[in-house]
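Participant: Residue numbers (this note's numbering), protein chains in the order written: chain A, 22 to 348; chain B, 2 to 334.
Any given hint could turn out to be false.
[Stated by the list, open to error] Facing chain B, from chain A, some residues (calculated, C-beta under 8 Å): (1) F155; (2) W158; (3) A159; (4) L163; (5) S171; (6) N265.
Think of the hints as simulated: they come from the structure by calculation, not from any bench. We put the CB at the ideal spot given by N, CA and C, even for glycine.
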Amino acid sequence: MFGRLRKVSWTQEKIVFLIAIAMFCVFSFSLNGFLSSGNLITLVRSVSVLGILGVGMAILVIGRGIDLAIVAIYAMSAAWMLQLGNQGVPILLAMPIAYLFALSAGLLSGVLIAYVEMPPLFATLGMASFVYGFARWALVPLFVVYMPPSGSGIAWIGGGFVFGLPTPILFFAIVALLGFAFLRFTKPGRFTYAIGDNPAAARISGAPVRPVIVLQYAIAASVAYLAGLITATAVASMDTAAANSSLIYDVVLVVVIGGIGFSGGRGGIRNVIVGTLLIGILLNGMTIMNIEYTLQNIIRSVILLAAIVIDSVLNPLDEQTSQQGDI
Amino acid sequence: MKKRNAFATIAIGMALSGMASHAIAAGMDDPRRADYFKVFDGKTVALVPSTMGIDLTEGWASALRQQANRLGMKLEIRDPHLSADVGAQAITALISEKPDVIIAHNLDVQSYAKLLKRAEDAGIHVIQVAMRSNYNSDAYVGPDWIAVGEAETQAVVDRCGAGTSGKVAILVGQPTAGSDSGMLKGAENVLAKHPEIKLVANQAADWDANKARSVIATVIQQNPDLCGVVGFWDVMDLGAAAAIKESGKSIALVTSGGGEQMACDNVEKGVFQEEVAYHVMDIGRDLNDVIQVVLESGLPAGKEKIVVYSPTTKITKETLRPGLCWSVKNLEK
Chain A
22 MFGRLRKVSW TQEKIVFLIA IAMFCVFSFS LNGFLSSGNL ITLVRSVSVL
72 GILGVGMAIL VIGRGIDLAI VAIYAMSAAW MLQLGNQGVP ILLAMPIAYL
122 FALSAGLLSG VLIAYVEMPP LFATLGMASF VYGFARWALV PLFVVYMPPS
172 GSGIAWIGGG FVFGLPTPIL FFAIVALLGF AFLRFTKPGR FTYAIGDNPA
222 AARISGAPVR PVIVLQYAIA ASVAYLAGLI TATAVASMDT AAANSSLIYD
272 VVLVVVIGGI GFSGGRGGIR NVIVGTLLIG ILLNGMTIMN IEYTLQNIIR
322 SVILLAAIVI DSVLNPLDEQ TSQQGDI
Chain B
2 MKKRNAFATI AIGMALSGMA SHAIAAGMDD PRRADYFKVF DGKTVALVPS
52 TMGIDLTEGW ASALRQQANR LGMKLEIRDP HLSADVGAQA ITALISEKPD
102 VIIAHNLDVQ SYAKLLKRAE DAGIHVIQVA MRSNYNSDAY VGPDWIAVGE
152 AETQAVVDRC GAGTSGKVAI LVGQPTAGSD SGMLKGAENV LAKHPEIKLV
202 ANQAADWDAN KARSVIATVI QQNPDLCGVV GFWDVMDLGA AAAIKESGKS
252 IALVTSGGGE QMACDNVEKG VFQEEVAYHV MDIGRDLNDV IQVVLESGLP
302 AGKEKIVVYS PTTKITKETL RPGLCWSVKN LEK
């Protein structure tokens with residue numbers, strides 16, 4: 022049976038997309054109000070921050086990297102921005118200051134990986150603890166930081182509407198579009214695929230491997246900062262617990278589940294969108310069905326594991342990947 | 002002459018002693034005072050909060066620090082940053098360091114239960130604050146969660162009677178936490194008496210405002226005539242408030258929390274219709290008193306089973322007054 026199935030090229034992206042469509046159909050028929058435009062907007066909105074972080078992560082994974090610090094940067098840079106606002110710094114000044122913090126964390130990770138040649142997994146794992154620890158110690162004394170009254174001018178970033186669409190969805194669309202353009206049309210974007218496919222070959226053929234890697238981490242950090250800004254303005258507070266939460270796994274998940282392999286060099290932004298939508302449909306449907314919290318976690322992990330199992334049956338490791346290994 | 006002298010001496014002596022006894026009456030020493038201070042001098046109190054940096058734990062730490070300074074005790078804080086693993090390690094380490102009292106703010110009812118028993122077996126008094134575990138140690142100090150859940154749900158039921166849809170959602174933090182399981186029980190108690198109220202959703206948001214926003218947004222989409230939300234923690238419920246505001250509907254949001262200035266500000270702005278507040282500084286005071294009781298009793302650890310429920314207050318637009326809330330910013334360092 023699998024033999025015949027293999028003739029159609031069943032990429033993981035397609036499998037996940039089919040599962041997403043199937044669930045979408047089931048929910049549309051079985052759940053009242055699921056298909057309403059209001060609910061669909063809520064659905065996409067609830068995962069847009071996840072999707073935005075996913076785009077940042079996708080660029081790294083395609084280049085055979087990973088950034089486990091992306092969520093720490095997301096939470097702590099936004100928290101510091103609010104904290105600065107609370108200390109009386111004008112919010113429009115606090116924003117670039119906090120961005121510099123996010124950017125320097127990304128650059129530092131990039132340099133450690135590209136020039137010191139640390140494995141990305143360890144470098145960014147350490148960076149995640151460092152960003153959280155340093156920010157809590159030196160910058161943000163409180164666990165939950167509230168939006169200062171002076172921040173009302175930027176509340177539209179996470180809480181506004183444009184043409185009836187919530188701004189986070191719009192930002193997700195813009196970031197996805199920019200990510201797509203970067204990967205498809207820019208030199209560093211094309212080099213990202215080359216580096217992900219075979220770093221040594223990319224270097225020999227003259228690609229500026231090290232600067233491109235640093236650039237990737239800087240982009241991911243910038244994307245994380247934007248996502249933090251959206252969250253902080255949407256709920257008028259930032260909970261630094263996010264830095265240590267399971268959000269980082271969700272971010273890795275939407276990338277991997279969408280079909281971007283850890284072996285690098287493959288996939289695109291479309292995969293992230295598919296993965297994000299799957300998570301969004303799942304979460305939304307389960308909330309409507311009022312499924313209990315613990316059971317939700319179980320269902321979610323079973324469906325995600327199933328998608329990966331189907332993929333590894335239909336797309337066994339090829340010779341190259343099994344020799345090089347995944348991340 | 003001699004006799005007269007003797008009389009005079011006695012008279013003077015009596016007068017003097019009278020004066021002296023007068024002086025004693027003006028300022029009498031309390032024989033128990035020295036013993037009192039001796040009990041506490043050099044003792045160590047260790048606090049294992051859920052995490053520092055939130056209004057609750059910062060308030061308690063401030064209260065504990067003041068008492069420790071006053072009575073010559075040492076206060077140690079081991080901050081697990083909301084991680085049950087790190088918290089368990091901290092308690093394990095404390096068991097071998099043998100402080101006199103451990104104050105545990107349990108993340109859930111299970112994680113520390115065995116460790117707290119071990120601590121008491123090792124002779125350390127264990128006081129659980131606000132979030133209890135399945136193990137009943139020397140003392141529990143904190144809100145009566147079932148009563149808090151009842152009060153909150155009743156407040157929503159009162160606003161969602163006849164003339165409304167009667168549809169209500171409950172927003173839990175973590176269902177396995179001592180606080181939330183209690184509040185849920187309280188909510189059930191009230192809902193059982195009000196069959197006209199329809200519970201349309203009972204969802205957990207991990208104490209995370211962002212998740213709370215998504216959950217409540219979805220619930221409102223599904224039930225556009227939703228009448229009220231019972232939220233289990235004000236910090237998280239800010240997310241529910243954001244979802245309600247975006248929907249443009251008037252939905253009653255009743256929350257509970259530590260009565261920090263943020264709560265009063267948001268009740269004033271109409272973000273929360275009501276907060277059932279367990280004042281953090283009240284709990285801090287009760288905590289300090291129970292520390293004194295367990296140390297003064299001289300009983301070995303684990304012998305007492307004290308429960309002290311701290312009072313709650315109702316914060317609404319009607320009850321708002323200056324000083325009703327306390328402020329993290331103004332805590333004594």
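Participant: Output the indices of the hints that this structure fails to meet, ascending.
Facilitator: 1, 2, 3, 5
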